[in-house]
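Going down the list, the sequences are from chains A and B. Per my numbering, the very first residue in the first sequence carries number 1; after that it's consecutive. Per my numbering, the very first residue in the second sequence carries number 1; after that it's consecutive.
Be aware that one or more of the hints could be misleading.
[As the list claims (entries may be wrong)] Covered stretches of chain A, as calculated for chain B (at least 3 residues, CB under 8 Å): (1) 43-56; (2) 101-112.
[What the hints assert, rightly or not] Calculated from the model, a selection of chain B residues having no Cβ within reach of chain A, i.e. all distances over 10 Å: (3) Ile12; (4) Ser33; (5) Gln41; (6) Pro43; (7) Glu75; (8) Leu88; (9) Glu100; (10) Thr110; (11) Val111.
Keep in mind the hints are simulated off the structure, nothing from the lab. All residues carry an ideal CB built from backbone N, CA and C; glycine is no exception.
Residues per chain are reported as follows:
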Amino acid sequence: GQQVMQIPQYQHVQEGEDFTTYCNSSTTLSNIQWYKQRPGGHPVFLIQLVKSGEVKKQKRLTFQFGEAKKNSSLHITATQTTDVGTYFCAGSDAGGTSYGKLTFGQGTILTVHP
Amino acid sequence: ETGVTQSPTHLIKTRGQQVTLRCSSQSGHNTVSWYQQALGQGPQFIFQYYREEENGRGNFPPRFSGLQFPNYSSELNVNALELDDSALYLCASSPTGNTEAFFGQGTRLTVV
Numbered sequence: 001g002q003q004v005m006q007i008p009q010y011q012h013v014q015e016g017e018d019f020t021t022y023c024n025s026s027t028t029l030s031n032i033q034w035y036k037q038r039p040g041g042h043p044v045f046l047i048q049l050v051k052s053g054e055v056k057k058q059k060r061l062t063f064q065f066g067e068a069k070k071n072s073s074l075h076i077t078a079t080q081t082t083d084v085g086t087y088f089c090a091g092s093d094a095g096g097t098s099y100g101k102l103t104f105g106q107g108t109i110l111t112v113h114p
Numbered sequence: 001e002t003g004v005t006q007s008p009t010h011l012i013k014t015r016g017q018q019v020t021l022r023c024s025s026q027s028g029h030n031t032v033s034w035y036q037q038a039l040g041q042g043p044q045f046i047f048q049y050y051r052e053e054e055n056g057r058g059n060f061p062p063r064f065s066g067l068q069f070p071n072y073s074s075e076l077n078v079n080a081l082e083l084d085d086s087a088l089y090l091c092a093s094s095p096t097g098n099t100e101a102f103f104g105q106g107t108r109l110t111v112v
């Protein structure tokens, strides 16, 4: 079945440093979504990428979808303590029969030291 | 807040028992998906309901079952609970089957 891998598993940064997490799927995706989960909380939708090579920005966050629609990245510029949490990518399988089924990566836990 | 509400927020059950978890979807959303999130892991897809019909299932045994009601709220039922069923159970609603998922706060199930 479809697998989504995310690296790194953990990332510790000093406030002000940049952060990047990478996501790779074993199959071509119809779209990829990114979520943030604070400790003790639930996943909160950040963005959805649909087109091959798509790049979207949200303030200090930049999201990219690979040309082959099998990988994606999230980059945060100048991290702040409010960025702390676990960042998940989640993909929908382009060839799948479960419309809307999301396969999540294992997440990257971001810690920001003030 | 997403408008998706789940109940209860926490639950402790004994191995072998049965449990029902409930979810009220966001207004206007006709698709509800259920996920299991073990500690330190990403959410795993259990199944999805669209207009009261199961619309896809993940790799979970038949003792995991569900329902969706005419008002699009949903239930997740788990029979014969096992210790490994201890997890955060998340409900997510969507206006269609392939757009962003709006998650509820989850039900933390502990099986002892």
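**OP:** Check each numbered hint from earlier against the structure, then list the numbers of those it violates in ascending order.
**Re:** 4, 5, 6, 8, 9
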